[in-house]
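Below, each chain spelled out in residue letters.
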Amino acid sequence: MFKDETGNEIKNILLGSFQGGVSVNASVGQPYGTIQGKTYTMIDPSKPGQVIPWDGVGQRVVSSSGYYRATTTTTNVYGNYNPNWIGGVYNTFKYKNLSLGFLVDARNGGKVWSLDMYYGMNFTGVYPESVGLNENGKSIRTTDDGGGVILPGVLIDGTPNTKRVAIDANQVGAPASEFAYDASYVKLREAVLTYSLPRNLFKRVDLIKGIDFSIIGRNLWLIHKNLPYSDPEENLSAGNIQGMQSGAYPTTRTIGFNINVKF
Amino acid sequence: MRNENLYAEFHVAYKNLKNSHMKKGLYYISVSLGLLFFSCTKDISSYNKETKRAADVPAGTLFSNATRNLSDNLCSASVNLNPFRFIVKHWAMATYQDEVQYDFSTRNIPQSWWGGAYRDILNDFKESARIINEDKTLQAGEKANQLAIIDIMQVYVFSNLVTTFGDIPYTQALDAGNVNPVYDDAKTVYTDLLSRLASSISKLDAGSKGFSVAEDIVYKGSIANWKKFANTLRVKLGMIIADSDPGTAKTNVEAADAGAFGSSADDANFAYLSSTPNTNPLYADIVLGGRGDYLAAKDLMDQLIALDDPRKPLYFGKNNDGNYVGGIVGAVNTLAATSKPSSKVSEASAPGIILDYVELEFYRAEAKERGFNVSGTAADHYKNAIKSSIISWGGTDADATTYLAKSSVDYATAAGDWKTKIGLQKWIALYNRPMDGWLELRRLDKPVLSLPVGARSGFPNRYQYPNNEQQLNGKNYTAAASKIGGDEVETKLFWDKN
Numbered sequence: 001m002f003k004d005e006t007g008n009e010i011k012n013i014l015l016g017s018f019q020g021g022v023s024v025n026a027s028v029g030q031p032y033g034t035i036q037g038k039t040y041t042m043i044d045p046s047k048p049g050q051v052i053p054w055d056g057v058g059q060r061v062v063s064s065s066g067y068y069r070a071t072t073t074t075t076n077v078y079g080n081y082n083p084n085w086i087g088g089v090y091n092t093f094k095y096k097n098l099s100l101g102f103l104v105d106a107r108n109g110g111k112v113w114s115l116d117m118y119y120g121m122n123f124t125g126v127y128p129e130s131v132g133l134n135e136n137g138k139s140i141r142t143t144d145d146g147g148g149v150i151l152p153g154v155l156i157d158g159t160p161n162t163k164r165v166a167i168d169a170n171q172v173g174a175p176a177s178e179f180a181y182d183a184s185y186v187k188l189r190e191a192v193l194t195y196s197l198p199r200n201l202f203k204r205v206d207l208i209k210g211i212d213f214s215i216i217g218r219n220l221w222l223i224h225k226n227l228p229y230s231d232p233e234e235n236l237s238a239g240n241i242q243g244m245q246s247g248a249y250p251t252t253r254t255i256g257f258n259i260n261v262k263f
Numbered sequence: 001m002r003n004e005n006l007y008a009e010f011h012v013a014y015k016n017l018k019n020s021h022m023k024k025g026l027y028y029i030s031v032s033l034g035l036l037f038f039s040c041t042k043d044i045s046s047y048n049k050e051t052k053r054a055a056d057v058p059a060g061t062l063f064s065n066a067t068r069n070l071s072d073n074l075c076s077a078s079v080n081l082n083p084f085r086f087i088v089k090h091w092a093m094a095t096y097q098d099e100v101q102y103d104f105s106t107r108n109i110p111q112s113w114w115g116g117a118y119r120d121i122l123n124d125f126k127e128s129a130r131i132i133n134e135d136k137t138l139q140a141g142e143k144a145n146q147l148a149i150i151d152i153m154q155v156y157v158f159s160n161l162v163t164t165f166g167d168i169p170y171t172q173a174l175d176a177g178n179v180n181p182v183y184d185d186a187k188t189v190y191t192d193l194l195s196r197l198a199s200s201i202s203k204l205d206a207g208s209k210g211f212s213v214a215e216d217i218v219y220k221g222s223i224a225n226w227k228k229f230a231n232t233l234r235v236k237l238g239m240i241i242a243d244s245d246p247g248t249a250k251t252n253v254e255a256a257d258a259g260a261f262g263s264s265a266d267d268a269n270f271a272y273l274s275s276t277p278n279t280n281p282l283y284a285d286i287v288l289g290g291r292g293d294y295l296a297a298k299d300l301m302d303q304l305i306a307l308d309d310p311r312k313p314l315y316f317g318k319n320n321d322g323n324y325v326g327g328i329v330g331a332v333n334t335l336a337a338t339s340k341p342s343s344k345v346s347e348a349s350a351p352g353i354i355l356d357y358v359e360l361e362f363y364r365a366e367a368k369e370r371g372f373n374v375s376g377t378a379a380d381h382y383k384n385a386i387k388s389s390i391i392s393w394g395g396t397d398a399d400a401t402t403y404l405a406k407s408s409v410d411y412a413t414a415a416g417d418w419k420t421k422i423g424l425q426k427w428i429a430l431y432n433r434p435m436d437g438w439l440e441l442r443r444l445d446k447p448v449l450s451l452p453v454g455a456r457s458g459f460p461n462r463y464q465y466p467n468n469e470q471q472l473n474g475k476n477y478t479a480a481a482s483k484i485g486g487d488e489v490e491t492k493l494f495w496d497k498n
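So the protein sequences, as listed, match chains R and W.
For the first sequence, our numbering gives the first residue as 1, with consecutive numbering after it.
For the second sequence, our numbering gives the first residue as 1, with consecutive numbering after it.
If you are wondering where the hints come from, they were derived from the structure by calculation, not from laboratory data.
Because the structure is a prediction, the values reported are computed rather than measured.
Some hints could be false.
As the list claims (entries may be wrong) - Distance windows between CB atoms, simulated:
id, chain 1, residue 1, chain 2, residue 2, range
1, R, VAL131, W, LYS497, 24 to 32 Å
2, R, LYS3, W, THR491, 50 to 58 Å
3, R, ILE86, W, LEU335, 44 to 52 Å
4, R, PRO45, W, THR478, 41 to 49 Å
5, W, ASP293, R, ASP144, 21 to 29 Å
To be verified - To give an idea of the interface, some chain W residues facing chain R are shown, with a C-beta separation under 7 Å as derived from the structure:
id, residue
6, ASP98
7, GLN470
8, GLN471
The beta-carbon is built from N, C-alpha and C at its ideal position, and this holds for glycine as well.
Hey, can you work out the whole structure from these sequences and the hints?
Structure follows, in structure tokens:
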């Protein structure tokens, strides 16, 4: 990418680093805004007893604690924050004095990493996923009395994991890669319902050409998204640092009323 | 009538506006384009000059600030920076078990420790030394003393980094022109630190001044005390490698023993003030932060109870039922049923201990047991260490005498070999010295503590390198990680033989 004064070649520029060892980078050979961090591990096929980053297919390695073992490397690529495309459709239907306009916005592709999900699933246990019954009909929140879950995976020696762990307030034990989501969405960004007063009501005042009453709503409906519990459009920051959610607010829904007098 | 006139006037004005608007449009655009060109300047580098920045920072201020940052980091109980009280099982947590269960990665704790050491401490020391070196008005003896003191503090911080991480950037560190410093071999760095320390000790001259009373918050300018500090540090650094390199350990310990601390009066205490923001960090973490979820650990509490230790009420408070009860480390604990750290721990003006007589006396006892030629007997040093610990926590001579007379405490009759005896008592005495508590647990392997409930790894023998080192200094990181045998917390460092 460029060389510093001592001749070292820099292959990566860190744009922002976050909790959980997650970072946003400009890396050689990667699209701008690549999101990287720790991921699951699998047994190295060529070196048994060693782990390599999970390929997404093989058996994941579970440590002796019964939770997933994450890589030490934080350079595993989750994706990048750039969408494939963004677009919107605006349409207006008119019937007599009424008109209905709406704007549908969509974004396809790009990743968002959610610290909220990372904490909620791994530490605080506030999400509904942390409550439930296992195959024995016992609570997954405690390992007492046949409760808890066995995370699918293998131990470092290749034998299947058999240890029950609690999915409670403390840990699901998933590496940060689990919480990178597709940031696509389709939303009803805006809808406007307008009623135009009949002209004959004010025909004696020739200065006024028309009077319209409108109700305008924004952010009315998130039609489709792949990120649980929050709006993928919410971001921790803007500019170079995107694709990060931390303490995301719900998008503000506004409903407004408008009177438009035309002269 | 009036209304109609008003309408008419308005109508005319509106029409004029509309007509003129189009014609003037081009004019507006050309004017603004013109402004755009005129406002440009060929040389924009002048914008880089920070005209409002302080032109000079006094060397003494940088020195005090670095010392303060060091003390802050050592004292802190922030879960973003210093989780060592949980690692050594002095404290437990009520609710959040992340750090307690050895998850240091989520909050990037190694990054805070590393950044704190390099950026906030070592860099200030370096800059302070640079300014002192360039100061032609400084008297030679004073200059030599100041530079030696800074060097000794740098040795302290670098040795901490080596014992925390292993290989670290050293020879190429702290150079803004080199953003990719290589990692140096931990043992090589350590050897250099020992020789730097020996040389700086010889440069300290009590006949000249050092830093002023205001600048030197630890020793108020006393060179004699800095000399004792440096010798004590040398004993400590020697003892750290006693297992891996007994010969070098012996040389350093024997050379420094006589000049080291003679009593608790010599302790290197950073004097905090009783008012914010210059209070002990624990006051901010616990009192101002309103955190009541730091609890006594069962491991330490049970020992204090079993030995009827006079430090029990000094270390911890009682639970809501008026009893001393420790919480299980790594498990969810009930606040009301568990003891919390005493109010003494979180006192605003509680000193920040950088190095003390208590740990030195334990080192001396150990040195005797290892056959090093230092003064006194192991039993006496052991006794001194415990007594000084009790008294500096606010206990009395009588408390100490009673305690030391117990067969389970008395060096002659206490259970186990010297490592077991010293290890247990040192672990108790290093309460609120979490970084050193961790160091001694790794070094002595005594007392044997079980892993916390839900531990994510084995006992941490080191910190993993900061996450962002992989992003910022990838090539050198990868080389260092593979050289030390994997960037895992369980990887043992060169001095940690057992």
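_Non-conforming hints, listed in increasing numerical order_ = 1, 2, 4
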